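Q: Here is what each chain is made of, one letter per residue.
There are 2 protein chains.
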Amino acid sequence: MSKPEYVDIVEKIYEKTKGKKTKEFKYIGKHIIKWDAIDKISGKAWFTADLKKLYQNAVFVYSVRTKYAHALIKKIDVSDAEKYPGVIKVITAKDIPGINDVGYVIPDQPLLADKKVRYIGDTIALIVAENYENALEAADLVRVEYEPLEVILDPLKIVEWGGLQEKEHTLIHDERGSDVVSRYKIRRGDVKKAFQEAAVVIENEYRTPMQEHAYLEPEAALAIPQPDGGVTIYAKTQCPFDTRKAVAQVLGLPFNKVRVIAPPLGGGFGGAEDVGNEIAAKTALAAIFTGRPAFLVFTREESIIGHSKRHPMIARYKHAATRDGRLLAVEAEIILDTGAYASLGPFVGWRAIVHSTGPYKVPNAKVDLAVVYTNKVYAGAFRGFGNPQVAFAHERQMDLLAEELGLDPVELRLKNILRNGDRTVHGQLLSHGVGLEEAILKAVEAANWYEKRKLYSQQKGLVRRGIGIAVFYHGNSIGAEGADFSSATIIIQRDGSIIFRTGLTDFGQGAIQGIVNIIAETLGVPPSYVKVEWPDTASTPDAGPTVASRSTVMGGNAALVAAYKLRQRLNKLAGEILGCDPDDIVIDAPDVYCRSDPNLKITWQELVEQSFWKGVPIQEFGYFRAPPAEWDEETGQGAPYMHYTFGAIISDVVVDLETGVARVKEAVTAYDIGRVINRTGAEHHAVGGYIQGMGYALMEDIYHAPDGRVYNKNLSTYHIPTGLDIPEKIKAIWVEAGFNRGPYGAKGLGEPSIVGIAPSIANAVAHALGGGRNVNKDINRIPLTPDYVYSIIKKHGLIKKYKA
Amino acid sequence: MSKPEYVDIVEKIYEKTKGKKTKEFKYIGKHIIKWDAIDKISGKAWFTADLKKLYQNAVFVYSVRTKYAHALIKKIDVSDAEKYPGVIKVITAKDIPGINDVGYVIPDQPLLADKKVRYIGDTIALIVAENYENALEAADLVRVEYEPLEVILDPLKIVEWGGLQEKEHTLIHDERGSDVVSRYKIRRGDVKKAFQEAAVVIENEYRTPMQEHAYLEPEAALAIPQPDGGVTIYAKTQCPFDTRKAVAQVLGLPFNKVRVIAPPLGGGFGGAEDVGNEIAAKTALAAIFTGRPAFLVFTREESIIGHSKRHPMIARYKHAATRDGRLLAVEAEIILDTGAYASLGPFVGWRAIVHSTGPYKVPNAKVDLAVVYTNKVYAGAFRGFGNPQVAFAHERQMDLLAEELGLDPVELRLKNILRNGDRTVHGQLLSHGVGLEEAILKAVEAANWYEKRKLYSQQKGLVRRGIGIAVFYHGNSIGAEGADFSSATIIIQRDGSIIFRTGLTDFGQGAIQGIVNIIAETLGVPPSYVKVEWPDTASTPDAGPTVASRSTVMGGNAALVAAYKLRQRLNKLAGEILGCDPDDIVIDAPDVYCRSDPNLKITWQELVEQSFWKGVPIQEFGYFRAPPAEWDEETGQGAPYMHYTFGAIISDVVVDLETGVARVKEAVTAYDIGRVINRTGAEHHAVGGYIQGMGYALMEDIYHAPDGRVYNKNLSTYHIPTGLDIPEKIKAIWVEAGFNRGPYGAKGLGEPSIVGIAPSIANAVAHALGGGRNVNKDINRIPLTPDYVYSIIKKHGLIKKYKA
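Protein sequence lines, in the order shown, are assigned to chains A and B. Residues in the first sequence are numbered from 1 upward in steps of one, following the UniProt record's numbering. Residues in the second sequence are numbered from 1 upward in steps of one, following the UniProt record's numbering.
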């Protein structure tokens, strides 16, 4: 098959611009504030729940949830609830006209539980009432007979070490016959032989927590029934097209009768990927049954128990190396706990195994991974998507190895990292665009690594500083997880203003402003000319999901293709009008002129107007499909992602040995993102990703009671970093190693900005504790809460040691 | 310039299908009911005013209109009105942030009158109130000081015969320095010589009335202020992009901050072209000023005095012919009365002059036309757009000429009509696709013309039958009136369902279902797969205005181009999957197979799904631009339209000499529309166009009092045909002479279906009266109301004559 035109365009732009410095661009790489930042800060912007003010006669939709985390449902009686004043309808599973399932990857998740409940967030019935209070009161009148079952919270009750074989246990998904959702493996080289020949072997077990997205805006949806029997839904969703599919399935309607519009989102982080489907389907059902607009908004408690989380991981890692620090082999077993439902779990597991050995040359590897069900709140997509978990493990391993070898952690990494021309553990050749070494060296320099490392190693006393590094890589876009395409719609209006549409959402990550920069640079117009319309399944082609750090790369490429084609046509037309060569045309709106003779000129608006008279269409769909990924299920060999973002993080912490409190003082992040598209957005990611990763490292976990209830289901008990926790300085360094199939060479940053944070902090904490091999081995789980850190301090008598 | 790809595609499809019969198509030419017909009939569909039920907190916007038809405004005092309970704001011209003008073609029409009023519908102020009642009451408190001016209602006070020079008069548009809006002319051959050499000369004066569109749905608009300072407006408008431009101008916003959405329209007929801009701008102003949704709906009285009408015409025609009936020359002066504002008047005037001599070979012509202001309700677009006026004149002239020559009216026409290879009066060569002769012959046969003509000529008594014919042509699309482009958006959804968008509206004409048929035929899917979304300026490119019978041809071509490109890609993909040649692929959704081996098959949905995996985009913008029209302003020579629809109408009437009541008994319409796209739609046009034309011929006129008020401003006094007036039979005949740049060869029908009706009825009435030359000359105006017909009967003593 010949190379598609869209790939050709992206490569051509890359070749043309790859040597350029930021100052040589007009908009790319500059500090540009998001188009709606001020509206959001000033409270003018509408989020989904704000739309409720516009529509009259809306019903409220309340989710009646289970009282048991694991039970059979014997009977549901809603007759009393239906009689309650203000209640219009109570909807249960039997009312669903289509398929009662909102499973994201596999059909394992009923929208409304009918036979069984599997976690404390499962919905039994929907109360559709005149208002929230009526609904809440009526909820108590829904009578359910349960037959409680054993609640399983420990994934090691599902599978066991030494092959991750499934154990005897009460099946959570008995209809599937197994509680292992999916398995993945990597088989490379001769691991057995490598371990036999290794000079050094490092072995440890790691645990990472269930993390809550804790977005500012809880879930909200508003469905409007349509005259043709369809429904239009405004919903907090990262992926309007996936949400549409889910709703269409529940309602039994074709896609074109379900319209999903995504208003601005107050944060997503992956967590608005699956729950958006659920809330949209719930309101859509209510709208269809009542013929009235139907609205829901979750309380924070409902949000925390009702939407997906980051998968907790338990893993055992074994690294083998030569005496001089060359990695020989990695062997690992990884268990991801997906809670009650698979959601994105199968894909999270796959991404985890792909990245499981880190950005290193690993000649021999044997990794097994299982994603298993428990009766916890279900886990799904969360910024990093499996990679922060394994990165914690492999980067702790590297620090243990460095200590064992008596090497500086940076030196050990530099001996093993991937560089241009190397092959990954999957055998993928990285021909170009690997900026990891540059990232490490720049971070090391900026952090004053060697000096601090030495200084902190010699410190005395009970308040101790430590500095740690972590490196990582992160595959761009969805790779072998699915059909990897995107699209963009650019329509130049007759007055020269521009409408841009994409099915990708700005859920806080800011990528859409980056795409606007790409359009602006390519067309030659200021970003302010471009209006970004709300994602709308009825107005734009499917752009694929807004996940996997794919918006800038995939969405950006699609927009680049559209803008480039438009630019070509406009250059040709301008050339005809002005009498110079199309390649000689400069567009610097509002000016358009010939480079060779700037007196030959026309305004942007005149040029646009002429296109209407000369029959030149000035609308384009841009489209881009990633080169097909390769993945051999049996060996984990292939080319799982089209390219990788690289990064090196250095964290500088202080640990109070008397309280166990660890705090980050300052940090340096160095990311190779190919090309900086919007410097403001990139910087915000460096900071935002760091802070969220710091919460992951130091304080965040969802705690389940033995009966499956969530202890900390509010932000008063689920702690995230506050303003006071933020480090004094987070320095962002950008490496622009390029990528021939990224827009202007860009790669993704959304997820990568969290991946390396927790291990860099954990490594710094270990450094601060300075306790040597035994202490280091105990820094094997996050969050490093004061309790946990203090337990290590106590166990190893560190206070005594440093007081001395 | 090389031929654009889009022209190539349209011509290719035409060449491939031009010999085909209807039965060889799957959807083209079949009886297919409009997608929303049932929803509309059953009351489920939402029109603009229905949306009011959805939005809460909406303010009502009431237009305070002038008390004088022509006056200077000395002072406007809204202070009392603003204090009235429930009034939130009173908006006057001084509040307008942008430009206070909604003139459609020229900037002559203030949205809110400030210096002057020019007709009884002019708006002085907008009362923005909690509800309609508050607003209505407060309207009385708006105090305006006027200085009344002479009210001019007769266009012959503006210009005079013999060159149409402007006379001394009180200027209505003193700011323009003239009350002649525009002038056009045709100069061909040597008219003077032709008249000198002619054997027969026929001369007469003709008058046609001001016609009201009388659509079911009065004007309504609902504007929602947006967080970014922009506004979204749902409005009854035929042309959402023109409406957006008008609103943007009034508000001083870029186009991409004004979004206009057109819900289903309850009739337009051209009348929703200009007033849509006005009502949208009025609600948008109120929304911006109050920060609340703003709504208006016109009463029928407001609709009749507040929206444009069909231009009344006064014309003098002189035809010269040889003794054997060959037309030698036409000389004419035509005055179109555009009332207070130009609206579409300049374009109506141009279309009138283009068609002024009818579908005949006219070797010598001298025609002058002036569009003039008066203080009447303003005139704008109305189905036919100048052509029904001139068609009445030239077809009455042909019947007078036939009588003078002693020829049958059909025979005379057959001697003179345009055929393939002929040139129009503008010198335009019609190389192909002229089906007028076939239309005449088929109509004549179906109507039993010769027998009835003879029979009725011999009848006796006071209830008399008559049969009359009229022929016409009608230029397709907008020709030299503007940039003549259209566009279409087709997005195939991942489940195989399809979303189709166009900026063209279905305002009752049904053309959009025809476009759906074109998409269905081209892609190979049932029309039911296609969902037509509401026109929306933020979701689709400008498709040009929905006017000029251009939807099927221009919009159809744009959709055809998009569908064809998609089909090519899908055929290629299917060929790759099934292992046969792309040209061998048959798509007959849900089946897709190889023609050479139908066992090689895949479903439509599978094929669509594969396109996502193989990187084949299945969305397309279709675009088409008509070949540039040519028009020499000095001579009226060129090629004003890309092609013409032709038609022959035969009406069979009965006239009661004692009452003057004329009624149509039955009729035959034969239209050459190139290719029938949707038979149901075409048939509805044949009937609907006939009935509206019959109203024009027999009963409709807007009567102004001397002070400029409208006497008949409700449907109780403005009479349109009722069910009881409809002829017993209207037989529709279709000629499919093709057109190489129409979709599948199609031409337009929307306007043509009214053009020939009135003259055919008038000719039949003349035949019924049977009074010879003198009586015939008096059948020179419409409507032929009982009063007027009886006045002729009386004047010529016909009762006495036929009683004898």
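You may find that some hints are simply not true.
Under the rule of at most 20 Å between Cα atoms (straight-line distance), these lysine to aspartate or glutamate pairs were calculated in the EDC-like manner [unchecked claim]:
no. : chain 1 : residue 1 : chain 2 : residue 2
1   : B       : Lys257    : A       : Glu533
2   : B       : Lys257    : A       : Asp39
3   : A       : Lys18     : A       : Asp8
4   : B       : Lys614    : B       : Glu576
5   : B       : Lys572    : A       : Glu5
6   : B       : Lys257    : A       : Glu634
7   : A       : Lys83     : A       : Glu130
8   : B       : Lys257    : A       : Asp8
9   : B       : Lys185    : B       : Glu197
10  : B       : Lys40     : A       : Asp228
11  : A       : Lys115    : A       : Asp101
For the record, the hints were derived by calculation from the structure and aren't laboratory data. Please read these numbers as outputs of a predicted model, since none were measured by experiment.
Q: Would you mind marking each hint as holding or not holding in the structure?
A: So, going through the hints one by one against the coordinates:
1. About 10 Å separates the Cα atoms of B:Lys257 and A:Glu533, which keeps this hinted pair within 20 Å; it holds.
2. Proximity of B:Lys257 to A:Asp39 is assessed by CA-CA distance (about 15 Å); at most 20 Å being required, the pair is judged to hold.
3. In summary, the hint linking A:Lys18 to A:Asp8 is supported, as the alpha carbons are separated by about 15 Å, within the 20 Å threshold.
4. The hinted pair formed by B:Lys614 and B:Glu576 meets the criterion: a straight-line CA distance of about 10 Å does not exceed 20 Å.
5. About 16 Å separates the Cα atoms of B:Lys572 and A:Glu5, which keeps this hinted pair within 20 Å; it holds.
6. Using a Cα cut-off of 20 Å, the hinted pair B:Lys257 and A:Glu634 is violated, with the two alpha carbons roughly 54 Å apart.
7. For the hint linking A:Lys83 to A:Glu130, the alpha-carbon distance of about 13 Å falls within 20 Å, and the restraint holds.
8. Our distance criterion of 20 Å between C-alpha atoms is broken by B:Lys257 and A:Asp8, whose separation comes to about 34 Å.
9. Of the supplied pair hints, the one linking B:Lys185 and B:Glu197 is violated, its CA atoms being roughly 23 Å apart against a limit of 20 Å.
10. Using a Cα cut-off of 20 Å, the hinted pair B:Lys40 and A:Asp228 holds, with the two alpha carbons roughly 10 Å apart.
11. Between A:Lys115 and A:Asp101 the alpha-carbon distance is near 13 Å, which keeps this suggested pair within the 20 Å criterion.
Going down the numbered hints, you'll see the structure goes against 6, 8 and 9, while the others check out.
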